[in-house]
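Colleague: So the chains spell out like this:
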Amino acid sequence: MNVQAWTFVMVALSFAVYLAVAVWARARSTGEFYVASARVPPVLNGMATAADWMSAASFISMAGLIAFMGRDGSVYLMGWTGGYVLLALLLAPYLRKFGKYTVPDFVGDRYYSRIARVVAVLCALFVSFTYVAGQMRGVGIVFSRFLDVDIEVGVLIGMGIVFFYAVLGGMKGITYTQVAQYCVLIFAYLVPAIFISMIMTGMPIPQLGFGSELADGSGTYLLDRLNGLTEELGFGAYTDGRKGTVDVLFITAALMVGTAGLPHVIVRFYTVPKVRQARSSAGWALLFIALLYTTAPAVAAFARTNLLDTVSNTPYTDVPTWFTHWEATGLVTFEDLNGDGLIQHTGPASSVPNELTIDRDIMVLANPEIARLPDWVVGLVAAGGLAAALSTAAGLLLVISTSVAHDLLKKTLAPKITEHGELIAARIAAGFAVVIAGYFGINPPGFVAQVVAFAFGLAAASFFPAIILGIFTKRTNTYGAVAGMVAGLAFTASYIVYFKFTHPELNSAEHWWFGISPEGIGTLGMAVNFAVAIGVSLLTPPPPLSVQQFVEEIRVPRGAGPGHDVAA
Amino acid sequence: MDGTDRHGRCRLSGARPEPEAGTDPTTRPAPGSRRAYWHRNLTYVGILLGVWFVVSYGFGILLVDQLNTIRIGGFQLGFWFAQQGSIYVFVILIFVYVRLMNRLDHSFDVDEQDDSA
Chain V
1 MNVQAWTFVM VALSFAVYLA VAVWARARST GEFYVASARV PPVLNGMATA ADWMSAASFI
61 SMAGLIAFMG RDGSVYLMGW TGGYVLLALL LAPYLRKFGK YTVPDFVGDR YYSRIARVVA
121 VLCALFVSFT YVAGQMRGVG IVFSRFLDVD IEVGVLIGMG IVFFYAVLGG MKGITYTQVA
181 QYCVLIFAYL VPAIFISMIM TGMPIPQLGF GSELADGSGT YLLDRLNGLT EELGFGAYTD
241 GRKGTVDVLF ITAALMVGTA GLPHVIVRFY TVPKVRQARS SAGWALLFIA LLYTTAPAVA
301 AFARTNLLDT VSNTPYTDVP TWFTHWEATG LVTFEDLNGD GLIQHTGPAS SVPNELTIDR
361 DIMVLANPEI ARLPDWVVGL VAAGGLAAAL STAAGLLLVI STSVAHDLLK KTLAPKITEH
421 GELIAARIAA GFAVVIAGYF GINPPGFVAQ VVAFAFGLAA ASFFPAIILG IFTKRTNTYG
481 AVAGMVAGLA FTASYIVYFK FTHPELNSAE HWWFGISPEG IGTLGMAVNF AVAIGVSLLT
541 PPPPLSVQQF VEEIRVPRGA GPGHDVAA
Chain X
1 MDGTDRHGRC RLSGARPEPE AGTDPTTRPA PGSRRAYWHR NLTYVGILLG VWFVVSYGFG
61 ILLVDQLNTI RIGGFQLGFW FAQQGSIYVF VILIFVYVRL MNRLDHSFDV DEQDDSA
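These protein sequence lines are chains V and X, in that order.
The opening residue of the first sequence carries number 1 in my numbering; numbering runs sequentially from there.
The opening residue of the second sequence carries number 1 in my numbering; numbering runs sequentially from there.
Everything labelled a hint here was simulated from the structure, so no lab data went into it.
Since this is a predicted model, take the numbers as computed values, not measurements.
Be aware that a few hints might be false.
Said to hold, decoys possible - With the Cβ distance kept under 7 Å, some of the chain V side facing chain X (calculated, not the full set): (1) R71; (2) L77; (3) T81; (4) G82; (5) V85; (6) A88; (7) G211; (8) L214; (9) Y221; (10) L223; (11) Y293; (12) K500; (13) R555; (14) V556; (15) P557.
All residues carry an ideal CB built from backbone N, CA and C; glycine is no exception.
Input sequences plus hints: build the corresponding full structure.
Modeller: What follows is the structure, given as structure tokens:
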């Protein structure tokens, strides 16, 4: 069987499993649906949260990004895991005690204000929309490579599947399907990583393998070999940083805080039965995420070493088949500038011009082929990438439909809406989200990556301070919270829009404030939000006594209401 | 799998550390005891977030070049903290917090009981 046949088999097998789990979960929960699904044990909830959180970006793109960024890639590794510590220690238990459905619910109730709720809803919608867009791009890449179609067609197939999937699995009870998807995606990530680690270093654990000696008998450590290769070709040593320290600090903080403020992650903690389980759920989620996130830098180092070894100064006529296949998708391009028929792949510090462009998104997918692993492993990786994309897309569609139906219509614009009307609005919102996502998946892909950074910055500069102040201070009132959110948002958004959209030619370190790139500016926006919220609150009357009592109540676990499923 | 060991434990047991709490006849602990509970919680959070900051921002970013002069096997230590070590510590921190808070909830008698849900 060839790669394509194996891809069909693996994808079909994994889909059969999701289908079986969905049917089983449905039958199980007939009757007392909400109560049954609210009894999700913390370990399984952690797994589902991990699948929800780890998107196509984590699975497909991250290791590739790290492979090309070297040590600077740690902003993603630390940024997208460290946020769970904030979540477990500062948010999850209190929001679980609060016990309502969504993040805007909390902001609206704590700050007794409709405006605060609407601001929160708009942020939630924006963040979720940008995320779904990223998923579609990932699905499109998987299909275009393994079904031999254009990326556009790949995205369309992906849209169809996500649409079908969201209707079939239903909006409710997706937790168990996500558990199955976690198992598929982590298996698909670890198998090739272990294989490659064994081949290159003889060490089966990738986390240790990339700190081991190469298996070629030279006695050189893998990272030393990689540093040698990257320096020789003018990229600079792999384990050295190229970004400014301040910038790395601010980007990491923005990603951490943004993670803790993401609505589709926060809603997960409403599903566990107890406050104490909200805490441990975050721990399990991070453990399952860490399994992939500590493997990714190893995969990155293996992939980069392999790539440089394979293509550098290779005659173009001798390139391996994976190279030709990816060339056909347009994600690998070679231009023989000096006409010598050899591939010169060089960095900015080299005197030889670079002739090879490689899309970072293909590294994880191409890695098994570069390392010449069996075809079934390649098919498995495709199934894993789809699992990552689908589980995240499902979680996001849920947040989008809940935000529209529950927060925007029921709680704000049309309080008299019927349950049936709410459901229809939720479905329309989900459908609309899929179409928008598909559009961005097909059209400017660079734009999506920029908007995702935007989303993190905005989550950091808006939600996070409002929720933290809402729990840890009683004095913060509605004026402070709204002023803080608006100031944080306006500051962050204008900085990003200025450098990314209106003056992209100025987007370089010498023009940035304090050397902070637009990716990291959310951290400063968060500080602005905190300062404004506290300042304005102190100048205006304290919140009513009932709100101060509300804060007292959420601070202790006892008396939490029953958990419920994340549902519109 | 949760709380089975606490079945039948009286909510009003005098096990609270604050003496005035025992005189409060309601199911809610006295305000003084709550303040002590909250204070302890904040102390735990402060210490754990201190560790969180040191391993990630400290070892992984600010001190990365100094730590890189130390080598463990093929890893430079700063690089290892930035791409591996900090993540392991994050996981440990959450589970430590879970343990500490479960103990604290129990000793201040504010933990959840099966009949409260």
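Colleague: For a quick check of understanding: which of the numbered hints are violated here, in increasing order?
Modeller: Hint check: 8, 12 fail, others pass.
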